[in-house]
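Novice: Residue numbers (my numbering), protein chains in the order written: chain E, 12 to 125; chain S, 2 to 114.
In short, the hints are calculated from the structure, not lab data. Any given hint might turn out to be false.
[Stated by the list, open to error] Dumping the calculated DSBU-like pairs for lysine-lysine here, alpha-carbon to alpha-carbon at most 30 angstroms: (1) S:Lys10 to E:Lys53; (2) E:Lys60 to S:Lys10; (3) S:Lys72 to E:Lys60; (4) S:Lys58 to E:Lys60; (5) S:Lys58 to E:Lys80; (6) S:Lys10 to E:Lys112; (7) E:Lys60 to E:Lys79; (8) E:Lys53 to S:Lys72; (9) E:Lys80 to E:Lys60; (10) E:Lys53 to S:Lys15; (11) S:Lys72 to E:Lys112.
Nothing here was measured: the structure is a model prediction, and the numbers come from that model.
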Amino acid sequence: AQSVTQLDSHVSVSEGTPVLLRCNYSSSYSPSLFWYVQHPNKGLQLLLKYTSAATLVKGINGFEAEFKKSETSFHLTKPSAHMSDAAEYFCVVSAFSGTYKYIFGTGTRLKVLA
Amino acid sequence: NAGVTQTPKFQVLKTGQSMTLQCAQDMNHNSMYWYRQDPGMGLRLIYYSASEGTTDKGEVPNGYNVSRLNKREFSLRLESAAPSQTSVYFCASREFGVGTEAFFGQGTRLTVV
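Could you build all of it, start to finish, from the sequences and the hints given here?
Specialist: Here it is, written out as structure tokens:
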């Protein structure tokens with residue numbers, strides 16, 4: 012079975028400062044990992060994905076994430092927050108365990124202060 | 002391209018009523034999913050269909066049924082709606098495989114009174 016834990020339900024940063032959203036995963040098989048963003052009352056947009064190629068993955072809007080197998084982590088970072096980054100972020104794990112489930116974390120709400 | 006289309010976008014039901022949420026995708030994907038989103042709980046998997054002709058329970062299947070009508074369409078049915086089923090429902094599709102990303106519909110906001 013696989014699962015994902017997002018360690019912070021809320022994160023606040025000042026505009027222009029770095030963003031760190033933490034995600035740990037559990038999987039019996041080699042996982043693929045994804046980050047999605049959801050702006051208020053909107054749908055879900057893929058930011059980036061890891062699929063066993065490079066461990067440092069670059070996504071849209073300046074976000075990136077690093078896969079660390081030894082720490083079972085896939086944290087999302089951005090060097091400088093923008094007001095438009097305020098949204099909810101979800102970490103997702105997928106691994107073959109008989110079927111291909113696609114399991115979400117509980118989300119991290121990012122607030123960006125002016 | 003339409004991608005993943007859900008209908009309706011909004012619905013209010015009375016307790017005990019039934020309804021079907023419709024989902025269709027035009028990307029020729031094999032796998033389709035139904036999730037519900039509640040504050041603080043992320044998206045929880047209700048049912049999924051790895052490929053046409055198969056369906057499996059997810060984390061929260063009680064009170065729901067699904068039908069994979071064909072490769073394009075995957076419907077979610079509430080037989081007897083309860084207030085606890087008030088939620089936002091998302092349908093998604095993806096190509097078969099571990100590393101493929103899912104594409105989501107815009108959601109259905111369901112209120113059960």
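Novice: Each hint: holds or not?
Specialist: Cross-check of the supplied hints:
1. S:Lys10 to E:Lys53: It holds: about 12 angstroms lies between the C-alpha atoms, which stays within 30 angstroms.
2. E:Lys60 to S:Lys10: Given pair lysine 60 (chain E), lysine 10 (chain S) holds - Cα atoms ~28 angstroms apart, limit 30 angstroms.
3. S:Lys72 to E:Lys60: Status holds; Cα separation ~25 angstroms.
4. S:Lys58 to E:Lys60: 25 angstroms, holds
5. S:Lys58 to E:Lys80: 29 angstroms, holds
6. S:Lys10 to E:Lys112: 25 angstroms, holds
7. E:Lys60 to E:Lys79: Since the Cα atoms of lysine 60 (chain E) and lysine 79 (chain E) sit roughly 14 angstroms apart, the hinted pair holds (cutoff 30 angstroms).
8. E:Lys53 to S:Lys72: 26 angstroms, holds
9. E:Lys80 to E:Lys60: With a Cα-Cα distance of about 15 angstroms, the restraint between lysine 80 (chain E) and lysine 60 (chain E) holds, given a limit of 30 angstroms.
10. E:Lys53 to S:Lys15: 26 angstroms, holds
11. S:Lys72 to E:Lys112: 18 angstroms, holds
Comparing the model with each numbered hint stated earlier shows that all of them hold.
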